[in-house]
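Trainee: Residues per chain, in single letters:
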Amino acid sequence: MTPAAAAGASAVELLEALAIVLAVGVTRGFRNALTGALAAAIGVLTLCLVLGPALRAGAGIAVLRVIVGGALLLFGLEWLRKGVLRVSGRRRRASSYHEFVEARDTAAALPSVGVGRDWGARGLAFQGVFLESLEVGLIVLALGAAPGHLEPALLGAAVALVLVAGAGFALREPFQRLPETQIKLGMGVALTAFGTFFTAEGLHAHWPLSELAPLYLAGLFAATAWLAVRRLERATRAPEAT
Amino acid sequence: MTTLVKSVRRKILGETRMVPLGVATTVLLAYLARALLPDREWQTAGAFALAAAVIATLISALPADLRRPNNQPAVNQPDPNTTTRTNQ
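Protein sequence lines correspond, in order, to chains A and B.
Using my numbering, you'd call the opening residue of the first sequence number 1 and step up by one each time.
Using my numbering, you'd call the opening residue of the second sequence number 1 and step up by one each time.
In isolation and in its complexed conformation, chain A is listed as follows (with noise of 0.2 Å):
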C-alpha cells in the first residue's frame, strides 16, 4: 500500500508541476522552464536529503512513528477536507488544465528581465516546481521514514514521476479529462489512514489485524468523507428547495 500511496500522492501533485512548467515553455521557451524547474527540483531534494537522515538519527523509532504519523496526518487532512468542499460543490475542482490556463496567462504578463536568459520566467518555474515538488518530497520522506517503507515509498514516488514526465512529453498540455478532484480525496483518505496508523503505533497501541489496519481505516475515512459530502450537499440544495 505504502509504493500506491506515494505514486498516487506524487503524481497529482507533479502534475500540478507539470502544468506549470508547459505554461511557462509555451510562453516563454522551454529552456527557461526546465532551468527553473531543475533549479526547484535540486532544491527539494537537497532539502529531503539533509531533513531525511537527521530525522531518522534525531529520533526512537516510537517518537519516529508519531512525527512521521503527524505529517502524515497534516497533508491527508487538508487533502480530505478540499476534496470534500471540491466533491459537494463548495470549492473548485482540482484541474491541472486551469492551473496550465493560469499560469500561462501570468506568464504571458510578465517583463521580460535579463538579456538573453529570461529570469523572470524562471522565477515562476522554480515557485511553482518548489511548492509542488516541495509537498511530494515531504510526503515521501514522511511515508519512507517509517521503517521499513523507505524503498517501497521512493519506488512509487519514482514511477510517478517517469509517468508525469513522460506524460508531459508526449502530449505537451496536461490532461483535461483526468478526475484529479476523486485522486486526490481518495489520496487524502490513504494518507491519513496511515497517518493514524502510525501514530497509534508510535504510542504502543494495537489495532486488530495489525498491518491490515490502514484499510479498514482507509474504508472509515473513506465513509466519513462521502457522508459528509452528502450532508455538505444536502445543505446547499436546502435553500434553492425553499
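Source of the hints: derived by calculation from the structure; they are not laboratory data.
Just so you know, not all the hints are guaranteed correct.
Selected chain B positions facing chain A (in silico; Cβ < 7 Å) [said to hold, decoys possible]:
id, residue
1, G14
2, V19
3, G46
4, A47
We put the CB at the ideal spot given by N, CA and C, even for glycine.
For this one, chain A is given, so just place chain B on it according to the hints.
Mentor: Relative to chain A, chain B alone:
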C-alpha cells in the same frame, strides 16, 4: 520571497488553522491518555480513540453547516474554514 514563504507555510500547514490545531491536540491528548490510563486499556482502546479524534478534526475543519442540527446552511455568515482560493 515573502510570497514563497507564505505559500510554503500554506502547503505544509494547510489553509485553515483547524487541521494543524486538531492534529497537535490529538497527539497531545493521546500522550496524556497513555500516561493516565493503565497500559492494557490504552493498548486496547487507544488506537480507536485516536481514529475518532482524527475524524473529529476533519469534521471541525469542514464548514459549520455540516454540524448543524437538521443540516441547515449558515445564512449571511461567511465560513472561516472555507476559502474561495484556487484549486491547489
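Trainee: Hint by hint, say whether it matches the structure.
Mentor: Hints and how they fare:
Interface hint status for B/G14: upheld, as the beta-carbon distance to the closest one in chain A is roughly 4 Å, under 7 Å. Here the hint on B/V19 is kept, as its CB sits about 5 Å from the closest CB of chain A, short of 7 Å. Hint status for B/G46: holds, given a least beta-carbon distance of 3 Å to chain A, under 7 Å. Look at B/A47: its Cβ gets to within about 4 Å of chain A, closer than 7 Å, so that hint holds up.
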